[in-house]
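K.L.:
Quick note on our numbering: the sequence shown kicks off at 142 and runs consecutively.
I should point out that these hints are in silico values taken from the structure, not numbers from a laboratory. One thing to keep in mind: the hints can contain errors.
Stated by the list, open to error - Beta-carbon label-pair distances, calculated as ranges:
id	residue 1	residue 2	range
1	289	434	51 to 61 Å
2	354	408	24 to 34 Å
3	187	225	45 to 55 Å
4	423	355	29 to 39 Å
5	611	515	41 to 51 Å
6	351	649	35 to 45 Å
7	311	161	26 to 36 Å
8	297	371	17 to 27 Å
9	501	672	36 to 46 Å
10	649	463	23 to 33 Å
11	322	511	42 to 52 Å
12	408	501	45 to 55 Å
13	452	205	49 to 59 Å
14	354	406	56 to 66 Å
Claimed, not checked - In silico lysine-lysine, DSS-like type, Cα no more than 27 Å apart, as pairs:
id	residue 1	residue 2
15	320	356
16	559	313
17	668	597
18	691	599
19	545	468
20	378	350
21	340	313
22	356	468
23	242	257
24	559	603
25	184	220
26	559	668
27	382	320
28	320	291
29	320	597
30	599	668
31	668	691
32	320	220
33	382	398
Don't be surprised by glycine CBs; every beta carbon is placed ideally from N, CA and C.
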Amino acid sequence: SSRTARSEEDRDSLWDAWGSWSECSRTCGGGASYSLRRCLSSKTCEGRNIRYRTCSNVDCPPEAGDFRAQQCSAHNDVKYQGQFYEWLPVSNDPDNPCSLKCQARGAALVVELAPKVLDGTRCYTESLDMCISGLCQIVGCDRQLGSAVKEDNCGVCNGDGSTCRLVRGQYKSQLSASKLDDTVVAIPYGSRQVRLVLKGPDHLYLETKTLQGVKSENSLSSTGSFLVDNSSIDFQKFPDKEILRIPGPLTADFTIKIRYAGAADSSVQFIFYQPIIHRWRETDFFPCSASCGGGYQLTSAECFDLRSNRVVADQYCHYYPENIKPKPKLQECNLDPCPASDGYKQIMPYDLYHPLPRWESTPWTACSSSCGGGIQSRSVSCVEEDIQGHISPVEEWKCMYTPKMPVVQPCNIFDCPKWLAQEWSPCTVTCGQGLRYRVVLCIDHRGMHTGGCSPKTKPHIKEECIVPTPCYKPKEKLPVEAKLPWYKQAQELEEGAVVSEEPSFIPEAWSTCSVTCGVGSQVRLVKCQVLLSFSQSVADLPIDECEGPKPVSQRACYSGPCSGEATEYTPEETELLYGSLQEFDELYDWEYEGFTQCSESCGGGVQEAVVTCLNKQTRETADETLCVTSRRPPQLLKACSLDPCPPR
Numbered sequence: 142s143s144r145t146a147r148s149e150e151d152r153d154s155l156w157d158a159w160g161s162w163s164e165c166s167r168t169c170g171g172g173a174s175y176s177l178r179r180c181l182s183s184k185t186c187e188g189r190n191i192r193y194r195t196c197s198n199v200d201c202p203p204e205a206g207d208f209r210a211q212q213c214s215a216h217n218d219v220k221y222q223g224q225f226y227e228w229l230p231v232s233n234d235p236d237n238p239c240s241l242k243c244q245a246r247g248a249a250l251v252v253e254l255a256p257k258v259l260d261g262t263r264c265y266t267e268s269l270d271m272c273i274s275g276l277c278q279i280v281g282c283d284r285q286l287g288s289a290v291k292e293d294n295c296g297v298c299n300g301d302g303s304t305c306r307l308v309r310g311q312y313k314s315q316l317s318a319s320k321l322d323d324t325v326v327a328i329p330y331g332s333r334q335v336r337l338v339l340k341g342p343d344h345l346y347l348e349t350k351t352l353q354g355v356k357s358e359n360s361l362s363s364t365g366s367f368l369v370d371n372s373s374i375d376f377q378k379f380p381d382k383e384i385l386r387i388p389g390p391l392t393a394d395f396t397i398k399i400r401y402a403g404a405a406d407s408s409v410q411f412i413f414y415q416p417i418i419h420r421w422r423e424t425d426f427f428p429c430s431a432s433c434g435g436g437y438q439l440t441s442a443e444c445f446d447l448r449s450n451r452v453v454a455d456q457y458c459h460y461y462p463e464n465i466k467p468k469p470k471l472q473e474c475n476l477d478p479c480p481a482s483d484g485y486k487q488i489m490p491y492d493l494y495h496p497l498p499r500w501e502s503t504p505w506t507a508c509s510s511s512c513g514g515g516i517q518s519r520s521v522s523c524v525e526e527d528i529q530g531h532i533s534p535v536e537e538w539k540c541m542y543t544p545k546m547p548v549v550q551p552c553n554i555f556d557c558p559k560w561l562a563q564e565w566s567p568c569t570v571t572c573g574q575g576l577r578y579r580v581v582l583c584i585d586h587r588g589m590h591t592g593g594c595s596p597k598t599k600p601h602i603k604e605e606c607i608v609p610t611p612c613y614k615p616k617e618k619l620p621v622e623a624k625l626p627w628y629k630q631a632q633e634l635e636e637g638a639v640v641s642e643e644p645s646f647i648p649e650a651w652s653t654c655s656v657t658c659g660v661g662s663q664v665r666l667v668k669c670q671v672l673l674s675f676s677q678s679v680a681d682l683p684i685d686e687c688e689g690p691k692p693v694s695q696r697a698c699y700s701g702p703c704s705g706e707a708t709e710y711t712p713e714e715t716e717l718l719y720g721s722l723q724e725f726d727e728l729y730d731w732e733y734e735g736f737t738q739c740s741e742s743c744g745g746g747v748q749e750a751v752v753t754c755l756n757k758q759t760r761e762t763a764d765e766t767l768c769v770t771s772r773r774p775p776q777l778l779k780a781c782s783l784d785p786c787p788p789r
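Just need the whole structure built from these sequences, with the hints factored in.
P.N.:
So this is what it looks like as structure tokens:
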């Protein structure tokens with residue numbers, strides 16, 4: 142090793158000292174500077190007489206333009222083959238990236254106007270590698286020549302990818318007569334490597350909002366590369382798809398939207414790296430627990446917003462699973478002995494066997510709203526545990542070495558269920574006036590069929606329709622419908638319910654009709670059930686645990702005329718066939734009609750109320766099967782024959 146060191150020393154001794162560094166080839170954007178040395182020997186010296194380093198490694202202002210484009214435009218006032226041209230740069234030449242090749246605007250003419258670009262010119266548009274003396278030199282993200290250090294997906298040089306998170310997903314359009322556009326995804330400030338692919342007839346467009354609150358919109362009407370709020374956008378438009386690429390980092394909050402343009406559905410796949418803008422930051426040590434004689438002090442961690450440079454609530458940092466809250470650090474302090482005249486030695490006497498006071502909280506209350514955003518609260522108090530393990534409340538200032546837990550938080554911030562109407566069925570007749578039906582579902586924020594929508598805002602499931610073909614059966618005054626699949630499907634789906642974490646009535650499927658023709662009845666079982674979140678299982682509860690009206694467990698049904706003829710119906714059958722079941726319910730109902738005889742002649746007995754099924758229009762007694770859709774009134778009893786019985 143000593144022989145090797147001497148040979149290197151002898152070799153370097155043949156050279157003069159390195160000269161000063163030259164002026165940088167660029168004033169911004171990364172240039173090159175060189176230094177020379179002279180050979181002092183009459184023989185050839187080993188090694189190079191020139192060395193390079195990077196310089197001016199600060200970003201150029203947006204108006205500065207591309208360095209290679211500036212070199213091409215310098216030839217605009219020089220004739221080429223007797224003619225002036227406006228030259229544009231040709232980048233990313235795989236064979237010779239460090240030659241100055243330019244293309245005449247509006248023509249296919251490509252010319253090498255110089256064998257070498259100026260030092261500091263980027264070899265490729267998406268790389269930091271730079272051309273020096275006509276050769277492409279590797280440049281790392283640390284802006285050093287020959288460095289292999291690269292940025293991670295978060296844009297951090299030599300980072301480990303922990304400052305951002307990968308977001309990927311898919312959006313499917315849902316056509317609606319009341320909506321012309323919809324939001325695909327919101328991409329926050331600082332995101333990188335954004336890529337979206339739309340397949341279908343619809344179109345993408347952008348809405349942006351800067352940190353200063355300035356909003357703008359871009360329609361993405363044609364293929365090309367352009368700037369949106371100083372972010373470079375590459376957009377490709379094809380007949381059946383659109384591709385959007387944004388290398389980032391985004392200089393504003395971007396909202397990608399879709400504008401409906403056709404009857405067919407579209408899908409959008411997206412992927413990007415989102416910066417983690419809320420991170421834990423360790424605090425300084427809190428005041429010592431003792432004024433003298435030895436005490437302890439702790440650090441804590443606070444959630445810090447990197448965009449606004451301010452401390453925020455801890456829940457923002459808990460949102461990212463990648464964020465791990467640092468543990469508190471403990472150190473001794475104020476170790477000097479206390480003066481003999483001091484009446485007390487410590488403000489808060491703790492040792493390693495005596496835990497520090499801590500915050501304790503009660504469980505969160507139930508959310509104030511089941512959807513659409515509510516709040517829940519809890520109480521937080523400072524407690525102290527003694528050596529025997531007994532816990533008692535103490536003053537809050539003793540817990541101030543760590544931030545107090547929040548006492549209020551938002552909950553159930555997802556959208557409330559809303560009605561979604563499907564397509565209309567074909568008209569029930571082939572001529573004249575008929576009916577058509579549609580299925581109306583209550584859809585939650587996950588797109589699942591559920592309950593909870595307001596009956597007042599529900600779209601109707603039946604409406605009249607007219608077929609312009611004239612009819613040749615004038616005796617039929619009402620539309621004739623042979624099958625009811627659409628109405629039954631709409632009716633059954635609207636009555637469906639999904640078990641939730643709140644006790645609710647869950648009806649099972651209706652039984653088949655009790656008759657094969659004419660008017661009969663159907664029954665079903667209605668349970669009070671609840672979803673146990675911790676085990677994801679369903680439990681049955683007593684009926685009185687569920688609030689609100691209980692769904693009916695019996696209803697009338699009509700299975701068609703008993704004659705086998707389907708061409709004509711009686712007015713009553715037609716009304717039942719085409720009217721809603723509510724209209725049928727309104728015709729028949731239970732009513733009290735007097736009481737039975739007393740069960741005893743003396744000494745106290747009971748009488749039971751008589752309940753009968755009545756036709757509310759004619760006030761005549763009807764068959765009880767016609768009242769099965771109405772809730773039977775409760776049994777009523779009254780006392781009677783209260784006089785004491787005579788002695789025997």
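K.L.:
Measuring from beta carbon to beta carbon, are residue 322 and residue 511 in 42 to 52 Å?
P.N.:
At 29 Å between Cβs, range violated.
K.L.:
Is it true that the C-beta distance of residue 452 to residue 205 lies inside 49 to 59 Å, as the hint says?
P.N.:
At 38 Å between Cβs, range violated.
K.L.:
Between residue 311 and residue 161, does the beta-carbon spacing fit 26 to 36 Å?
P.N.:
This hint is violated: roughly 59 Å between Cβ atoms.
K.L.:
Between the alpha carbons of residue 668 and residue 691, is the straight-line distance 27 Å or under?
P.N.:
9 Å, holds
K.L.:
Quick one, are residue 668 and residue 597 close enough, alpha carbons at most 27 Å?
P.N.:
Judged against 27 Å, a Cα distance of about 25 Å means the pair holds.
K.L.:
Quickly compare the C-alpha distance for residue 320 and residue 291 to 27 Å and report which way the hint goes.
P.N.:
Roughly 45 Å between the alpha carbons, so the hint for residue 320 and residue 291 is violated.
K.L.:
Next pair to validate is residue 559 with residue 668; report whether the Cα-Cα distance is within 27 Å.
P.N.:
At roughly 24 Å apart (the allowed maximum being 27 Å), residue 668 and residue 559 satisfy the hint.
K.L.:
Hint check: residue 356 vs residue 468, CA-CA at most 27 Å. Holds or violated?
P.N.:
41 Å, violated
K.L.:
If you check the beta carbons of residue 289 and residue 434, does the distance land in 51 to 61 Å?
P.N.:
Once the Cβ atoms are compared, 56 Å apart, the range 51 to 61 Å for residue 434 and residue 289 holds.
K.L.:
Are residue 340 and residue 313 close enough, with their CA atoms no more than 27 Å apart?
P.N.:
10 Å, holds
K.L.:
Within a Cα-Cα threshold of 27 Å, do residue 320 and residue 597 meet the stated pairing?
P.N.:
At roughly 21 Å apart (the allowed maximum being 27 Å), residue 597 and residue 320 satisfy the hint.
K.L.:
Decide if the proposed pair is consistent with the structure: residue 382 and residue 320, CA atoms, cutoff 27 Å inclusive.
P.N.:
21 Å, holds
Of the hints listed earlier, those the structure fails to meet are numbers 5, 6, 7, 9, 10, 11, 13, 14, 22, 25, 28 and 32, in rising order.
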